[in-house]
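Novice: Each chain is listed here by its residues.
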Amino acid sequence: MKQLLDQKPIVLLLSALLLGGLFILPLVITSPALMQIIILIVLYAYLTSTWNFVGGFAGVLPLGHSAFIGIGAYTSTVLMQTFGLSPWFGMIIGGLLAAMVGAAIGLPTLKLRGAYFALATIAIGEGMRVLFENVKQVGPFKINGPSGISLKLVESSFMDFQFDSKAPYYYIILIMLLLVLLLTYFMMNSKVGYYLAAGGEEPEAAEALGIKVARYKLIAMVISCFLAALGGTFYAQLMLYFYPKSILGLDLSFEIAFIALIGGRGTILGPVLGALLLRPVSELTRIYLGASLPGLHLIIFGLVLIMVMRYYPAGIVEPIRNLINKYIIEPFNKEKKSAEGSEADKAD
Amino acid sequence: MSLLEVTKVTKKFSGLVAVNEFSMTVEAGQIVGVIGPNGAGKTTLFNCIAGAFPPTSGSIIFNGQEVAGKKPYEICQFGITRTFQVVKPFASKSVLYNTMVGAFAQTQHLHEAEHIAIEVLQFLGLDHKKDIVSKSLTLPERKRLELARALATKPKLLLLDEVMAGLRPVEVTEMLPIIRKINETGVTIVIVEHIMQAIMNLSEKIYVVNFGKKIAEGDPDTVVADEEVIKAYLGDEYVVTQH
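Chain order of the listed sequences is A and B. No gaps in the numbering here: position 101 of the first sequence is 196 in the numbering used here, and each next residue is one more. No gaps in the numbering here: position 109 of the second sequence is 117 in the numbering used here, and each next residue is one more.
Below, computed lysine-lysine pairings styled on DSS-like, alpha-carbon distance capped at 25 Å:
#1 K78/B <-> K164/B
#2 K307/A <-> K96/B
#3 K137/B <-> K286/A
#4 K206/A <-> K96/B
#5 K137/B <-> K189/B
#6 K222/B <-> K16/B
#7 K138/B <-> K103/A
#8 K307/A <-> K162/B
#9 K103/A <-> K421/A
Simulated from the structure, these hints should not be mistaken for laboratory data.
Let the sequences and hints guide you as you build the complete structure.
Specialist: See below:
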């Protein structure tokens with residue numbers, strides 16, 4: 096915590112302002128449609144941040160993360176529909192289930208390098224979708240095959256995770272995002288983070304330095320899958336209707352990977368910036384071109400990805416960080432220096 | 009008891025015998041050299057000791073414990089750390105970050121790891137480069153970073169795989185005192201090297217390998233006078249002209 100607060104005052108001040116702004120946002124924006132778009136931006140930033148634990152730090156490219164999001168959505172929903180269990184508990188159960196499935200998938204696949212891991216995860220993600228589309232019922236749980244599940248509408252209440260207005264959804268996902276970003280920060284600045292990065296970049300060298308690379312990758316995978324599934328439950332409660340193609344398909348997996356790659360994988364803010372840039376594109380193409388050209392947003396994502404990879408291979412987080420340094424931190428430091436005379440600037 | 013006892017280690021790759029019943033002993037505090045022509049099996053021997061692949065047969069006793077067939081990360085936890093002939097820095101990370109990855113073998117805490125890493129970097133004269141991304145280092149610096157990372161794990165035995173390969177003569181002469189300095193802090197060193205002059209200078213004891221077999225062992229002067237060694241390096245006819 097000390098490290099986190101050990102930043103330049105200007106950065107702390109701006110972060111505090113930004114956070115404050117985020118928390119009063121629902122008071123300013125009254126349109127539920129706009130609020131929905133903003134909630135989805137935050138949700139995608141959250142989902143991509145959970146992806147980042149594996150895709151950003153463990154040096155592999157997972158392209159089937161929707162499998163775990165789907166597990167979260169289906170678990171909490173069927174438990175509520177069948178037993179009336181609060182989605183909050185279902186969320187945790189879904190998370191644990193996804194973590195177990197993630198571990199089972201990760202054990203054999205995390206040893207694969209590069210494209211092979213990506214292909215294996217695509218196969219698993221797609222396999223999961225086909226499975227859910229072809230099963231109508233598992234024991235007492237109705238999952239309705241390809242037509243999906245509509246959630247029973249109940250009165251607005253926290254325990255039932257259903258609300259009349261958009262604001263509560265916004266606050267819930269915003270807090271989830273902030274917590275996962277905080278977790279990312281602490282992981283990056285810990286032994287686990289260093290070992291993950293080392294194992295991702297040069298596994299042989301990492302093992303020679305005493306790192307059991309496979310175990311650290313598995314830890315990242317389990318954390319990532321658990322958190323992704325929580326996002327799945329949130330998605331279900333927000334939309335109140337989902338079907339295999341909406342939550343288990345390749346579209347969702349790819350969109351998350353696109354957001355991470357364009358934003359900057361392996362960084363804290365990359366997924367947030369990526370979601371801020373790409374979600375509006377996705378929404379606008381869906382609204383204006385959805386009827387005539389469905390899936391156009393993925394083509395646009397592809398074009399943006401090519402451009403970003405060409406000019407900023409580390410993602411847009413890189414130029415943005417440079418801009419912030421140049422226009423906010425440096426001018427401020429200069430002022431401080433001239434104000435405090437010759438005192439050396441020890442910050443950073 | 010010797011620190012490292014390698015007994016009759018053999019490594020076969022399908023038909024090929026890369027290392028053939030090789031034995032050697034290393035006492036604590038020594039610098040021991042392993043030399044031999046290209047493809048003699050030096051690096052394979054190293055890989056067997058460091059756990060990169062298990063020996064087909066034979067035993068490797070380190071500090072009284074059998075380590076043959078253990079995984080590389082277990083070998084490191086026993087106290088043997090290796091460097092790589094082709095340097096493998098964590099390229100996108102800074103020099104300090106690279107060294108801290110090694111230092112985490114000793115501690116769980118970030119600031120302690122940083123402390124250890126900075127000490128090691130100072131010891132090797134790399135501390136002024138600590139914030140530089142490792143991919144922009146020069147080759148001699150990368151070789152030194154490789155050493156720094158290995159040293160940060162606080163090994164009892166350091167396995168150096170051609171740390172001087174690819175360096176210019178002047179850079180080699182800079183590297184020699186560094187290796188001696190590391191040895192003086194109590195780290196035992198086994199060094200595989202091509203460059204004869206370098207290894208003659210450093211080692212107390214030398215093993216010569218050719219076609220996977222040990223052809224000579226002893227102090228540097230004995231080894232260079234050995235007929236088999238001259239044959240291996242220069243060819244049969246030179247043995248005759250020597251006399």
